[in-house]
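Participant: Here is how the chains run, residue by residue.
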Amino acid sequence: MEIVMSIVAGVLFMAGTYLVLSKNMIRIIVGTSVISHGAHLLLLTMAGLKTGAPPLLGLEASNYTDPLPQALILTAIVISFGVTSFFLVLGYRAYKVTGTDDTDGLRGPDAHD
Amino acid sequence: MHMINILIAPILIPLLTGTILLLIPKKITAQRTISIIAGIVLIAVNIFLVLDVYQNGIRTLELGGWTPPFGIVLVGDMLALLLVTTTSVLSLPVLLYSFRSIGREREKFYYYSFYYFLITGVSGAFITGDIFNLFVFFEVMLIASYILIVHGGTKVQLRESFKYVLVNVISSALFVGAVAYLYAVTGTLNMAHLSERIGSLDETVPILTVIAVMFLIVFGLKGALFPLYFWLPGSYAAPPPAIAAIFGALLTKVGIYSLFRTYSLIFVNDTAFTHTLLGILAGITMIAGVIGAIAHQDVFKILVYNVIVAVGYVLFGVSVLNDSGFNGAIFYLIHDMIIKAALFLLVGTLVFVAGTSKLKKMGGIIKYYPALGWMFFVAVMSLVGVPPLSGFIGKLLLIQGGANAGDYWLVATMMISSLLVLYSMIRIFLNGFFGKPTLERPDQFSTAKGLLWPSALLIALSVLVGLGAELLYPLVDIAATTLLQPEIYIEAVLKE
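If you're matching them up, the sequences are chains Z and B in order. Each residue of the first sequence is one higher than the one before, starting from 1 at the first, in UniProt numbering. Each residue of the second sequence is one higher than the one before, starting from 1 at the first, in UniProt numbering.
So that you can see chain Z by itself, here it is in the shape it has in the complex:
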């Protein structure tokens, strides 16, 4: 199962990298989101996908899944959610001010000139 998930994470990283290298702002932002998904899936996979009960003591199972990576992913998800929402607003504002969503269109003389 770990091998399948590693391949899936690899595909997510690949797709994210492809999107980030494009010129369109929204594609870039979606790309960073996909890369974050890849990283979270990698974190879950690397900790091991052995079968066990969900980490709830009420279930009284003989073995549980590792709770630590789940806590780490939960933290990483909210951080990437906050950053992505900021990034989207930033892209929107840049589009409003510069009038283009093409990253090449962002080039121009500096304010210090």
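Certain hints may be false.
What the hints assert, rightly or not - Straight-line C-alpha distance at most 27 Å; calculated DSSO-like pairs for lysine-lysine:
no.: 1; chain 1: B; residue 1: Lys358; chain 2: Z; residue 2: Lys23
no.: 2; chain 1: B; residue 1: Lys155; chain 2: Z; residue 2: Lys23
no.: 3; chain 1: B; residue 1: Lys449; chain 2: B; residue 2: Lys27
no.: 4; chain 1: B; residue 1: Lys155; chain 2: B; residue 2: Lys436
no.: 5; chain 1: B; residue 1: Lys436; chain 2: B; residue 2: Lys367
no.: 6; chain 1: B; residue 1: Lys108; chain 2: B; residue 2: Lys27
no.: 7; chain 1: Z; residue 1: Lys96; chain 2: B; residue 2: Lys163
no.: 8; chain 1: B; residue 1: Lys360; chain 2: B; residue 2: Lys449
no.: 9; chain 1: B; residue 1: Lys367; chain 2: Z; residue 2: Lys96
no.: 10; chain 1: B; residue 1: Lys163; chain 2: B; residue 2: Lys358
no.: 11; chain 1: B; residue 1: Lys436; chain 2: B; residue 2: Lys361
no.: 12; chain 1: Z; residue 1: Lys96; chain 2: B; residue 2: Lys155
What the hints assert, rightly or not - Among chain B residues calculated to face chain Z with C-beta under 7 Å, some are:
no.: 13; residue: Glu139
no.: 14; residue: Lys155
no.: 15; residue: Val169
Rather than coming from a laboratory, the hints here were simulated on the basis of the structure. All C-beta atoms, glycine included, are put in the ideal place defined by N, C-alpha and C.
Once you have looked at the hints, place chain B on chain Z.
Facilitator: Just chain B now, kept in the frame of chain Z:
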């Protein structure tokens, strides 16, 4: 509050200050008063902590009472506390400069809150003893920096912050990936526990070398190491000088500190490969940075490339893995934080009075602003490392460390690049302050006066660090000894 909890104060004070300032966005006088008071309290607490660690050894704080490696532990060793103290000491003059320069509109939009959240992130990253908690503090610092870099929303800021956020989002995803691999191999996230587990291995483990290089890429992206520094010149030249000063002084330094910590504590399994790689990259960083500094005609760009050169110097000290190298790297890191903040403020003032950042368009400014001119001269001498000033002792120890390790090529590269740094900065002095006067706006005399005091404070601090090197040396030596002997750190944290 028990005395043992005081180690959390460098994180808690700026966090609380930032939160309180969120409540009173329109009351600028109150915001300024609260931020000044908090800054002074922070400096006092940090100096107390440094003296405490000097007398009693490493101070640790187990959050929630969970013993490491099971809970998060804060570790105040000498290196972390020296850097936290330097952070708080230099952030106060930059805050004073903000009062004069940042403008009402920005002040009303939570500028001081995010300033303090940035300091929260930086202090937390220095003090934490857990690798995932380091990631979280990196994000606290970065999110505050995203907002500060775009604060005001000019066109150039929007463009540069889009790049800056993109680069940092990707490096954060890589950080999570690297932590995932490290957890899979070792099964722990506590730095001392990681060090113990990896240090007890007898042979080199290739996967650990791969993970070490992954962390080099992650922290190299944050700390602007060659070839990962491409984002920095544009980003740091975009925001106003006060924000650029705090970025230039703190942000890359957290990346360097993290490399320092991981490459001295955790990844000591295959130093023949990892530290040689670090040394080579540090050497190229010095050259690449100095080429940029010479090539540019824009005073901000010249200074920004000098930030990159300093990254090379400090990491060269880390790569040699001996006592003088580590001492030199720590001295140079502290010196560079102070002097870069001072130079950004001085160059910001220079651009303000000259009305342009183009070197070719300015000249003869020393006639109207002699204090600014001579302060800039002293700062440049300190940056380059002229003996009585703070840059000297760090470079001397770095050269000694490099020579002891037999890295003569790197020592030569460093000395040549120092000379070129002098050339790049003295060009601003000769061209901007002397030469044909072009100043057409002498009406700004009075407004520039208040901008000079904060830079004067920072330069005085740099002179004090240079003259008081004898007093500072024992502290730096303790920090270097702890780094060279991870057992001290492990014992303090895991209490075996």
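Participant: All hints are to be evaluated individually against the structure, with a verdict given for each.
Facilitator: Here's how the hints hold up against the structure:
1. B:Lys358 <-> Z:Lys23: Not OK: B:Lys358 and Z:Lys23 at ~31 Å, beyond 27 Å, violated.
2. B:Lys155 <-> Z:Lys23: holds, 18 Å
3. B:Lys449 <-> B:Lys27: Measuring from Cα to Cα gives roughly 25 Å; hence the hint holds.
4. B:Lys155 <-> B:Lys436: Roughly 32 Å between the alpha carbons, so the hint for B:Lys155 and B:Lys436 is violated.
5. B:Lys436 <-> B:Lys367: The given pair, whose Cα atoms are some 11 Å apart, holds under the 27 Å limit.
6. B:Lys108 <-> B:Lys27: Satisfied, since the Cα-Cα distance of roughly 8 Å is no more than 27 Å.
7. Z:Lys96 <-> B:Lys163: At roughly 17 Å apart (the allowed maximum being 27 Å), B:Lys163 and Z:Lys96 satisfy the hint.
8. B:Lys360 <-> B:Lys449: Since the Cα atoms of B:Lys360 and B:Lys449 sit roughly 25 Å apart, the hinted pair holds (cutoff 27 Å).
9. B:Lys367 <-> Z:Lys96: Violated, at roughly 44 Å.
10. B:Lys163 <-> B:Lys358: holds, 24 Å
11. B:Lys436 <-> B:Lys361: OK: B:Lys436 and B:Lys361 at ~10 Å, within 27 Å.
12. Z:Lys96 <-> B:Lys155: OK: Z:Lys96 and B:Lys155 at ~10 Å, within 27 Å.
13. Glu139: holds, 5 Å
14. Lys155: holds, 6 Å
15. Val169: holds, 5 Å
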